[in-house]
Amino acid sequence: MALDFDSARLPNPHLTEAHEAWRTQLRRFVDTEIAPFADAWDEAGSIPAGLWPKAAAVGLLGLGYPEEFGGTSEGIDSWYHWIVAEELARFAVGGVNASLMVHGIGLPPVLNWGSETMKQAVAPPVLAGEKHIALGITEPGGGSDVAALTTTAVRDGDHYVVNGSKTYITGGLRADWISTAVRTGGEGHGGVSMLLIPTDAEGFSRTPLDRKMGWWASDTATLYFDNVRVPVDNLIGGENQGFRVIMTNFNGERMGMAAAMEALGRVCLEEAVQWAQERRTFGKRLADHQVIRHKIAQMKQRLNATQAYLRACYEAIEAGSANPGDIALLKVQASETLEFCAREAMQVLGGIGYLRGNRVERIYREVRVNAIGGGSEEIMRDLAARQYAL
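Sequential numbering from 0 applies to the sequence shown in numbering that gives the first Met the number 0.
Rather than coming from a laboratory, the hints here were simulated on the basis of the structure. C-beta atoms are modelled at their ideal positions from N, C-alpha and C, and glycine is treated no differently. Fair warning: there could be bad hints in the mix.
[As the list claims (entries may be wrong)] Each computed DMTMM-like pair below joins lysine to aspartate or glutamate, with the alpha-carbon atoms no more than 25 Å apart:
1. 118 - 129
2. 211 - 38
3. 130 - 252
4. 299 - 201
5. 283 - 38
6. 211 - 175
7. 118 - 201
8. 118 - 287
9. 130 - 186
10. 130 - 201
11. 130 - 144
12. 130 - 3
13. 118 - 38
14. 53 - 155
15. 118 - 3
16. 211 - 252
17. 299 - 335
18. 53 - 66
19. 299 - 287
20. 118 - 32
21. 211 - 42
22. 53 - 335
[To be verified] Computed Cβ-Cβ distance ranges for the label pairs, DEER-style:
23. 307 - 123: 36 to 42 Å
24. 76 - 279: 43 to 49 Å
25. 175 - 73: 23 to 29 Å
26. 293 - 123: 48 to 54 Å
27. 44 - 201: 48 to 54 Å
28. 146 - 115: 54 to 60 Å
29. 1 - 325: 29 to 35 Å
30. 48 - 281: 40 to 46 Å
31. 162 - 48: 39 to 45 Å
32. 44 - 149: 26 to 32 Å
33. 283 - 123: 58 to 64 Å
34. 287 - 11: 28 to 34 Å
Work the whole structure out from these sequences, hints included.
If you want it as structure tokens, here you go:
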């Protein structure tokens with residue numbers, strides 16, 4: 000049996016014919032509408048606006064969201080989302096996925112905590128691919144320490160006046176709304192609120208961050224708020240209750256990132272195996288050298304462990320007993336596995352792996368953004384230790 004992307008996936012007894020039908024449908028869309036162009040989009044630094052409506056039409060953007068807003072929620076479970084992460088990893092251009100699916104971190108705060116009026120105004124056009132929403136948490140002076148954010152929102156009658164800035168905001172250049180963390184109260188997490196800020200508001204501006212190591216196709220921005228007036232009705236959740244909104248949003252983001260990282264590791268494995276079977280050195284295939292076989296075996300070993308961990312966390316989510324500490328450490332496990340697989344695949348490929356235009360080279364450059372974004376490895380370990388009451 001060939002050791003490729005699909006065969007390197009451990010059996011999952013939770014997958015049904017409906018799940019596999021979704022995989023087939025999504026793979027057909029990806030192979031037709033994304034994969035042939037993804038490398039060129041990455042080099043160009045952006046993806047075409049027409050991709051969002053196409054992704055909406057195939058059911059990708061609305062997966063798991065309420066049907067009243069144009070989504071598909073009935074019968075949708077965690078395994079559908081795992082399949083999305085896998086299929087969007089196969090072409091290995093992380094910036095495409097980051098921009099295309101950024102509503103996955105920007106929209107849930109609105110749907111879970113926003114008013115009905117807010118949901119009706121925002122969710123339908125976003126899920127149809129007609130409008131865009133991003134999440135604004137990280138600031139120039141700090142990222143993971145959310146409780147220390149300094150962007151302020153001061154109450155003035157029926158408006159908040161917002162001042163400050165956000166940076167490293169995925170989808171920030173294209174977004175029509177930003178689900179934004181602001182300080183409405185005193186120091187610490189008890190003074191944080193979430194506010195939906197329209198990007199056409201007076202005093203709002205943004206600039207691109209375009210010299211990135213990876214994720215070139217993802218528009219990444221710094222956002223500026225200069226006396227931006229936002230209606231009080233745009234509050235997401237209660238005033239000074241934003242920290243809870245932010246924290247409940249992180250688990251879904253980290254699960255998606257972990258699933259994508261494991262799948263990217265399988266891409267590295269597939270590339271290494273294919274090259275090892277084709278390339279000949281010292282009169283035999285690379286695959287016939289013990290040192291190369293051991294590299295591949297170690298990659299598979301770590302991928303197996305990460306897949307099993309993913310499945311355990313998804314099972315806990317489905318059972319309603321998810322542990323944020325376990326999810327945090329899963330993200331660490333996945334980023335370490337991805338880093339190992341990218342390095343070993345690069346060693347197997349040798350010089351050809353160092354040339355632009357192949358999946359391993361691109362994944363190798365994108366390892367660090369995965370290990371940092373959504374919560375760095377160091378923060379994730381500390382979060383887990385606190386969850387375990389150490």
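Tested hints:
no.: 1; hint: 118 - 129; verdict: holds, 15 Å
no.: 2; hint: 211 - 38; verdict: holds, 16 Å
no.: 3; hint: 130 - 252; verdict: holds, 21 Å
no.: 4; hint: 299 - 201; verdict: violated, 53 Å
no.: 5; hint: 283 - 38; verdict: violated, 33 Å
no.: 6; hint: 211 - 175; verdict: holds, 23 Å
no.: 7; hint: 118 - 201; verdict: holds, 23 Å
no.: 8; hint: 118 - 287; verdict: violated, 58 Å
no.: 9; hint: 130 - 186; verdict: violated, 34 Å
no.: 10; hint: 130 - 201; verdict: holds, 19 Å
no.: 11; hint: 130 - 144; verdict: violated, 30 Å
no.: 12; hint: 130 - 3; verdict: violated, 37 Å
no.: 13; hint: 118 - 38; verdict: violated, 35 Å
no.: 14; hint: 53 - 155; verdict: violated, 42 Å
no.: 15; hint: 118 - 3; verdict: violated, 42 Å
no.: 16; hint: 211 - 252; verdict: holds, 21 Å
no.: 17; hint: 299 - 335; verdict: holds, 13 Å
no.: 18; hint: 53 - 66; verdict: holds, 18 Å
no.: 19; hint: 299 - 287; verdict: holds, 17 Å
no.: 20; hint: 118 - 32; verdict: violated, 29 Å
no.: 21; hint: 211 - 42; verdict: holds, 12 Å
no.: 22; hint: 53 - 335; verdict: violated, 34 Å
no.: 23; hint: 307 - 123: 36 to 42 Å; verdict: holds, 39 Å
no.: 24; hint: 76 - 279: 43 to 49 Å; verdict: holds, 46 Å
no.: 25; hint: 175 - 73: 23 to 29 Å; verdict: holds, 28 Å
no.: 26; hint: 293 - 123: 48 to 54 Å; verdict: holds, 53 Å
no.: 27; hint: 44 - 201: 48 to 54 Å; verdict: violated, 29 Å
no.: 28; hint: 146 - 115: 54 to 60 Å; verdict: violated, 29 Å
no.: 29; hint: 1 - 325: 29 to 35 Å; verdict: holds, 33 Å
no.: 30; hint: 48 - 281: 40 to 46 Å; verdict: violated, 52 Å
no.: 31; hint: 162 - 48: 39 to 45 Å; verdict: violated, 31 Å
no.: 32; hint: 44 - 149: 26 to 32 Å; verdict: holds, 30 Å
no.: 33; hint: 283 - 123: 58 to 64 Å; verdict: holds, 60 Å
no.: 34; hint: 287 - 11: 28 to 34 Å; verdict: holds, 32 Å
Of the numbered hints stated above, those contradicted by the structure are hints 4, 5, 8, 9, 11, 12, 13, 14, 15, 20, 22, 27, 28, 30, 31, listed in ascending order.
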